[in-house]
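> Put together the whole structure using the sequences plus the hints.
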Amino acid sequence: MLTFLTRRIAAGIATLVVAIFLMYLLVDLAIDPLADLVDSTAPNKAELIQARINLLHLDQSVFVRFFTWAGHFITGDFGTAWKTGQEVGPLVGHAIGSTLQLVTAATVLSLVLGVAVGVVSALRQYSTFDYVIIFVSFLLYSLPSFWIAILLKQWGAIGFNDFLADPVIAWPTIALFAVVSGLVWMIAVGGSRTRRIQTFAIAAVATFSAVAFVQLTDWWSTPHFGPVLIGVTGLALAFAVSGLSAGFGNRKALYTAVTTVLVGLVLYYPMQALFDNVDESNLLIAGLAVVAIGIGYLLGYLFRGPDWRVSSRVGAIVAFLVASMIYIDQILQVWPAYFRALKGRPIPTFGDSTPNLGGNYWVQTLDSLTHLLLPTLTLILVAFAAYTRYSRSSMLEVMSQDYIRTARAKGLNERTVVMRHGFRNTLIPLATIVPIDIITLIGGAVITEAVFARPGMGALFVTSLQHAEIDPVMAYLVITAALAIIANIVADLVYAAVDPRIRLNP
Amino acid sequence: MATVAAAALVLSGCSSDAKKDDNAGISTDTAVNIAWNQPFYSFNGNSITGNATANNVILYLLQSHFNYYDADLNLINDTSFGTMEKVSDDPLQVKYTYADTATWSDGTPAGPADLLLEWAGQSGKFNNVEPEYDEETGDVTNQAALDAGVYFDGATPSVALITDTPVIEGNSITLTYSKPFADWQVSIDNNLPAHIVAKRALGIDDPTEAAAALVDAIDNNKVDDLSKIAKVWSNDFNYVEMPTDPDLYVSSGAYVLSEYKKDQFLTLKANPEYKGDNKATIPTVTVRYNGDPMSQVQALSNGEVDLINPQSTSDVLTAVKALDGIKVETGTEGTYEHIDLQFANGGPFDPATYGGDADKAHKVREAFLKTVPRQEIIDKLIKPLDPEATIRNSFTIVPGAPDYASVSEVSGQAAYDVVDIEGAKALLAEAGVASPTVRVLFDPDNTRRVNQFDLMVASAKEAGINVVAYEVQDGWGSDLSSATSYYDAALFGWQSTSTAVTESDANYRTGATNNFYGYSNAEVDALFDQLQVETVPAKQVEILGQVEKHLVDDAFGLTIFQFPGVTASRESALTGVVPLTIAPGIFYGFWDWSAGSAAASK
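Chains as they are written, first to last, in full-length UniProt numbering: chain U, 1 to 506; chain Y, 1 to 602.
Worth flagging that the hints you see were computed from the coordinates, not collected in a lab.
Being a predicted model, the structure only gives us computed values, none of them experimental.
We put the CB at the ideal spot given by N, CA and C, even for glycine.
A portion of the hints provided could be inaccurate.
Heads up, simulated EDC-like pairs for lysine to aspartate or glutamate below, C-alpha to C-alpha not over 20 Å straight-line [as the list claims (entries may be wrong)]:
#: 1; chain 1: Y; residue 1: 125; chain 2: Y; residue 2: 164
#: 2; chain 1: U; residue 1: 343; chain 2: Y; residue 2: 164
#: 3; chain 1: Y; residue 1: 360; chain 2: Y; residue 2: 420
#: 4; chain 1: Y; residue 1: 125; chain 2: U; residue 2: 47
#: 5; chain 1: Y; residue 1: 222; chain 2: Y; residue 2: 164
#: 6; chain 1: Y; residue 1: 231; chain 2: Y; residue 2: 147
#: 7; chain 1: U; residue 1: 45; chain 2: Y; residue 2: 479
#: 8; chain 1: U; residue 1: 252; chain 2: U; residue 2: 307
#: 9; chain 1: U; residue 1: 45; chain 2: Y; residue 2: 130
#: 10; chain 1: Y; residue 1: 261; chain 2: U; residue 2: 87
#: 11; chain 1: Y; residue 1: 321; chain 2: U; residue 2: 162
#: 12; chain 1: U; residue 1: 343; chain 2: Y; residue 2: 479
#: 13; chain 1: U; residue 1: 343; chain 2: Y; residue 2: 29
#: 14; chain 1: Y; residue 1: 231; chain 2: U; residue 2: 87
#: 15; chain 1: U; residue 1: 45; chain 2: Y; residue 2: 183
#: 16; chain 1: Y; residue 1: 262; chain 2: U; residue 2: 87
#: 17; chain 1: U; residue 1: 45; chain 2: Y; residue 2: 29
#: 18; chain 1: U; residue 1: 45; chain 2: Y; residue 2: 525
#: 19; chain 1: Y; residue 1: 461; chain 2: Y; residue 2: 376
#: 20; chain 1: Y; residue 1: 539; chain 2: Y; residue 2: 523
To give a feel for the contact side, a few chain U residues facing chain Y, derived at Cβ under 10 Å [claimed, not checked]:
#: 21; residue: 86
#: 22; residue: 98
#: 23; residue: 158
#: 24; residue: 351
#: 25; residue: 355
#: 26; residue: 463
#: 27; residue: 465
Structure (structure tokens):
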């Protein structure tokens, strides 16, 4: 293990050094720091050019400049973005913060969605649902992100805001939407002819009712959860989570889940009072989330059941979901004021905050979220496609293994076979892909950030390159290259940890 | 999910909880939002670092100046800030008098000390140390000397002509030029608050005492104090987010900086201390940063910004024209396209190629210029972006400036308006040069230049001239000066930032910075010598006309078009925007803006 790590880290550092050297040469070739002075007619042009040559040592060879830069970099002096005179260190710090904000939600959501859809698709191999998912994922995979971004802005922001001005959907449109939704659920759930017709009917009616509810209660202008919706949604989630995670046979787990929802509901009004009387911060909210998860866990422990860990897990997941709904409900309570302040156009197309907005913690959070919405969706659509493909093929491979047949042969029910023996093993290959993907996202949301004018790492890279500032460009490249190498090492370690067949030492 | 929602419908007869109907602390101010591509980074727009459009457009709203350009590019004196008058021609002396209404936003009156500081900063007179670098490592070797010495990050050649320390009398300051200078009116202007610079550098809190100490340091060349002053002047005002010290954004103009979020937006509020004439009509102006032209159009469409001035392309123009309630204006911007010929590279336009036969080379040059399809370039490439585009016929004056018509008439460049293939053939026949090859330098990554080049190739071919693209050596920008033997004609743009008449000196004088072509005409040089010291505007125009006549007669090159620009604004939010061809572009005349119909109806 230690030998492996040492060897990999040494190799990683060597790769990094060579890569950085080559990158420096390439960046130096690509940029021209004197470009903006070429077509200047300033009377002191010659002096300006000379001053810049002195400033950037352009009269020295690129090798000398590289080693000077590298020497400074190692000693912690990351250089200066010379055009604006800013230190690179704080620039990068600021950019990483913004990027993390963007990629965290996008990665988690696309992973959950992608894996779920991929797994279902694999279980329904060669069904209509499978083909539709294959088609959609290839379509999304092949769309360039700037194109998705522009379309999302046009429809998701401009179009949706126009719609909010008079939020009425024609009834035939709702009916059509309900039929489409019914069809999707029908092919996803599958089963016998009767089962299909049942699924279709339930899903179509449910969708129709949901949209009608939204329309009739004027939900678009005043979106909210409230205790009733939280209760209903919470109970549905309680059943879904305990069903998938523990099986309906495990009554104690189900009781845990339902009790957790009820506790959440009981706490709803006290929480309103609490939020009205304290100064909220992200730290406090995170603390409350931990407390909520703890309560769910504790409830599971108290209910016990065949395996108390299963009940606790179910309790924790449900508690987290219910707490999230209470949090979102709290954010949505400021929606009407926010909506008015933005003159009825709440979904923005660029930036990371509305200028001069003011407002309390909830307004600020809502404002961040509306600004995160479209860029996050862009990233999700692209990454979702990839995760669907990975998890589908991985699930297919696992389900054809002998141990699955063995599991079925010894009489385990289908849920246990799929969730415990199939799904868990499906995640092994994903464990190697996800760390690398996160790294790529940190460095690679270049296009999305540029199109949405978010000041993250990608934007830093692009603008520095345009300004011919080599120091921030190199800082960016060092960070992404180093992270990529680290991610690869981490992926190997994770692989060894989750798959007992892999040994790191020969 | 669908099931859940359906159940919810059944269960929720009541409309859940009571919503908070207060505004949760949201600010109710309305602002006009303007999209701009590059973030502001320096409050000192006259230092070498800070002199950029990104800063100067913002400073235009923040600072008062002795004069500014009006929509017709006439220089207007802002008498509510101060007056400037020429008190003597030889030596050239200019007296600046601050008006009683000239005030900084902290309440301190603006005064002669401010202009004295500006002179110290830009003249380079006090700079006694330059960074020295280690040959091997590139490190600064004289850091200690730099720290102790004086180095103002500013260099303006015209201010350097003021060698004697300006003399302060009461509320006036008199600048004496060591030799007459044509553009004295735009040579120097009020910039940073002297009392703040002195406060930060010398630690004197009282504004009057601080300013007095600064004047004393400059008058008596106190190196220790000047060293600190120079550092404050050069560095302290460079920032990319709201500085913690409010002194760093004390302004003299109609607006004050009120919020600056890094890379996102910058908010300006009307300055309550402003007593001048050009008052803010919009109480809050927010400049939001977004570098992508199409993204700016979508933001305008979504109501996030009210005024955009993106880089003009036909896609942007089509998109912006399709929007409702948006006023779209096309016009011209500061940069102009031109083609210059190489006189001294052994190519077809160099007399040396023909054994020193200058007349022969001249005929070949003239023949080539006759084939340049200027009108076709404008019709095909520029008119779609600006229907009113015309050929630019002056080497020195921006179209729309007061003297453009007279100068372009004298120069006779209009003779090249129409392509004259027969004339070109005749000239080539006279010269006895059959099918010369002309290598044209241009930026191969710039689509519009590539298209222009293609049009030139087709037109020249008819006259038997073979136009080819030059071989890129290091990049077109550096090849201009360093690879002159590889190209015979250069096609690119010059930016004009002011209407200063001496600006063209560097382009056409023998051996000047921007004369990469070996062009040398003793009479042109003599005319520029005269122009430099000519302070009477009418005479300046006459000299420029003669210079241009020489350039046309020598077949030096041609000017083609002014870059097209597009401005789009939401009429319900903002009216009265009149973009200026040169900086500050769309920000010009903010005192005539009005808040539009939506605000009026509230």
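> It remains to establish, for every hint, whether it holds in the given structure.
Results of checking the hints against the structure:
As the CA atoms of residue 125 of chain Y and residue 164 of chain Y are separated by approximately 9 Å, the hinted pair is consistent with the 20 Å bound. Under the criterion of a C-alpha separation no larger than 20 Å, the hint pairing residue 343 of chain U with residue 164 of chain Y is inconsistent with the structure, at around 58 Å. As the CA atoms of residue 360 of chain Y and residue 420 of chain Y are separated by approximately 19 Å, the hinted pair is consistent with the 20 Å bound. With a C-alpha separation of about 15 Å, the suggested pairing of residue 125 of chain Y with residue 47 of chain U holds against the 20 Å cut-off.
Of the pairs offered as hints, the one joining residue 222 of chain Y and residue 164 of chain Y holds, with about 16 Å between alpha carbons and a cut-off of 20 Å not exceeded. Taking the CA atoms of residue 231 of chain Y and residue 147 of chain Y, the gap is about 9 Å. The hint holds against a cut of 20 Å. About 17 Å separates the Cα atoms of residue 45 of chain U and residue 479 of chain Y, which keeps this hinted pair within 20 Å; it holds. Distance hint between residue 252 of chain U and residue 307 of chain U is fulfilled; the C-alpha atoms sit about 9 Å from each other, no more than 20 Å.
Restraint check for residue 45 of chain U and residue 130 of chain Y: the C-alpha separation of about 18 Å stays at or below 20 Å, so the hint holds. Restraint check for residue 261 of chain Y and residue 87 of chain U: satisfied, since their Cα atoms lie roughly 17 Å apart, inside the 20 Å limit. For the proposed pair residue 321 of chain Y and residue 162 of chain U, the alpha carbon gap of about 18 Å is at most 20 Å, so the pair holds. Restraint check for residue 343 of chain U and residue 479 of chain Y: the C-alpha separation of about 53 Å exceeds 20 Å, so the hint is violated.
The hinted pair formed by residue 343 of chain U and residue 29 of chain Y meets the criterion: a straight-line CA distance of about 12 Å does not exceed 20 Å. Distance restraint check for residue 231 of chain Y and residue 87 of chain U: the Cα-Cα separation of roughly 17 Å lies within the 20 Å cut-off, and the hinted pair is therefore satisfied. Among the hinted pairs, residue 45 of chain U with residue 183 of chain Y is consistent with the structure: their alpha-carbon atoms are about 17 Å apart, no more than 20 Å. Distance hint between residue 262 of chain Y and residue 87 of chain U is fulfilled; the C-alpha atoms sit about 14 Å from each other, no more than 20 Å.
Our distance criterion of 20 Å between C-alpha atoms is broken by residue 45 of chain U and residue 29 of chain Y, whose separation comes to about 44 Å. Of the supplied pair hints, the one linking residue 45 of chain U and residue 525 of chain Y holds, its CA atoms being roughly 19 Å apart against a limit of 20 Å. Restraint check: the Cα-Cα separation between residue 461 of chain Y and residue 376 of chain Y comes to about 15 Å, which is no more than 20 Å; the hinted pair holds. Restraint check for residue 539 of chain Y and residue 523 of chain Y: satisfied, since their Cα atoms lie roughly 16 Å apart, inside the 20 Å limit.
Interface restraint check: residue 86 of chain U against chain Y, minimum CB-CB distance 6 Å, threshold 10 Å, status holds. At its closest, the beta carbon of residue 98 of chain U sits 9 Å from a beta carbon of chain Y; the interface hint therefore holds under the 10 Å criterion. Interface restraint check: residue 158 of chain U against chain Y, minimum CB-CB distance 5 Å, threshold 10 Å, status holds. Proximity of residue 351 of chain U to chain Y holds as hinted, the smallest CB-CB distance being about 6 Å (cut-off 10 Å).
Interface hint status for residue 355 of chain U: upheld, as the beta-carbon distance to the closest one in chain Y is roughly 4 Å, under 10 Å. Given the 10 Å rule on beta carbons, the hint for residue 463 of chain U holds: about 7 Å separates it from the nearest Cβ of chain Y. Hint status for residue 465 of chain U: violated, given a least beta-carbon distance of 12 Å to chain Y, over 10 Å.
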